[in-house]
Amino acid sequence: MRTKSLSSYLIEGLSKEDSFSLFVKSAFEEGEEKKYPQLLEIGREMVERCGGIPLAVKTLGSSLFSRVDRKGWESVRDNWIWNLPQNENGILPALQLSYDQLPSYLKPCFACFSLYENSEISSLDVTMFWVALGFLPFPKKSETINDVANQFFRELMSRSFLTDFVDYGHFFTFKLHDLVRELAAYVSKGECQVIDSHNRQIFEHAQHLRITQNNFLEHAIVPLGLRTIIFPEKATNETFLYSLLSRCKYLRVLGLELQELPKGISKLINLRQLHITIKQPHFPEKEIAKLELQFFDCDELKSLSERIQLSSLKTLALDGCGKLKSLSFHVIINLESLVIENCGMLDLSMGIGNQIPDLRLKLLKLASLQQLVTLPQWLQGSVNTLHSLVISDCKNLKELPEWLSTMVCLEVLEIEDCPKLLSLPDNMHLITNLKHLEIKGCPELCKRLQMEVGVGTKYHT
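If you read the sequence shown in the UniProt record's numbering, its first letter stands for residue 1, the second for the next number, and so on.
Each statement offered as a hint is correct.
Calculated lysine to aspartate or glutamate pairs in the EDC-like style (CA-CA distance at most 20 Å, straight line): (1) LYS365 x ASP393; (2) LYS440 x GLU416; (3) LYS323 x ASP393; (4) LYS365 x ASP347; (5) LYS398 x GLU438; (6) LYS16 x GLU45; (7) LYS175 x ASP164; (8) LYS395 x GLU438; (9) LYS398 x GLU341; (10) LYS435 x GLU411.
Pairwise CB distance ranges, derived in the manner of DEER restraints: (11) GLY264 x ARG200: 20 to 28 Å; (12) ASP147 x GLU399: 27 to 35 Å; (13) LYS249 x SER423: 50 to 58 Å; (14) LYS435 x PRO37: 34 to 42 Å; (15) ARG200 x GLU117: 13 to 21 Å; (16) VAL408 x LYS249: 41 to 49 Å; (17) GLN213 x PRO425: 48 to 56 Å; (18) GLU204 x GLU30: 47 to 55 Å; (19) ASN384 x ILE221: 46 to 54 Å; (20) ARG200 x PRO137: 35 to 43 Å; (21) ASN79 x VAL408: 43 to 51 Å; (22) SER75 x VAL166: 28 to 36 Å; (23) PRO223 x VAL373: 48 to 56 Å; (24) PRO425 x LYS35: 48 to 56 Å.
By construction, these hints were calculated from the structure, which means they are not laboratory data.
Please read all numbers here as calculations on a predicted model, not as lab measurements.
A virtual CB, placed ideally from N, CA and C, is assigned to each residue, including glycine.
I would like the entire structure built from these sequences, with the hints used as guidance.
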């Protein structure tokens, strides 16, 4: 499958020739269009209906990439959707046609994009959302669920639905054009809803909700079949929340910020993804120990009890847990992705000690950890699995251990704003799978490496 570097498309009218040129670049490999003059003729007719809108032209062309059968192109050209005025549903016909040509397994995944805000999106978050809702097929023996999801992302990217797409190896970041988000909302047919000042009524058949403000919840009637609800920050409407927990037995994704985790959460036996910000000093293990969570995103946590056996946990994100001092072995044993940010008191060498357990980590991101001086010994347990290592804003990081060069699967290494880091391990050349090495905000280290710049390597002072 081809990959592309995408940038945002402004809604500015292109000339007919510029539109056609963009279409050709999207629909054909370079020079291949000369073999298919009949397809070019059909393509020109369709491009004229795109109104010079770059995103429409690009997406339409990408949806036809590698298809060279004339009948297939004619069926797109002659589709009745072209006859709909845009203002009837607000959706550009070219985008609607591109969506219609998605494989059936991608369509529910795409519809969920309507819930995301206009900002950078991590594939890790979306992957766990898809997993929680059962949208991803079971991986083959040689694959992980992340591999399956990444195939989906690459396919959506190749069709130009995702912009500002950055590939970090084990995960991606991307953005969504407003028109793409509107298309996702339209094709979800009311199953995915954002409740805001313009839209306060929850549809009877809604299954996935994102609520932007607390005062929209006072008189809301929540459908019994609701599977996702993402609350705004500081969700203070406890009456609505308790009503929700007692009413929505099939909830699979929940995001909320409260002083304490509500007791009724233990009854949500179908819950698979939980994003929480709580003020409790210790995690309420009785409320969560029996849940089969697959994703856990907690802020301001002080401790994780060893009595909580989250055996299904694959991704753990800890952000802003300013009083969390250590991690214990049981927390990380089954993880594939671990993200730790803004945990000023966390000492990663504590709790697990110098044990080197067998781990499954593929992604590790460490950011704004003031206690981090070197990488913890236990990370060696991921020597055969770790694909991506990202270290950012760790002001006291002084060295990377020599054993880092034994990470045979490491493909991505990014180090940013670690001013005390002076050198890399001597045997970095042994990491033969390393494809992307980026270092910035490390002035002394960059000076030492200026003579060793290689392919796929970026150094910034």
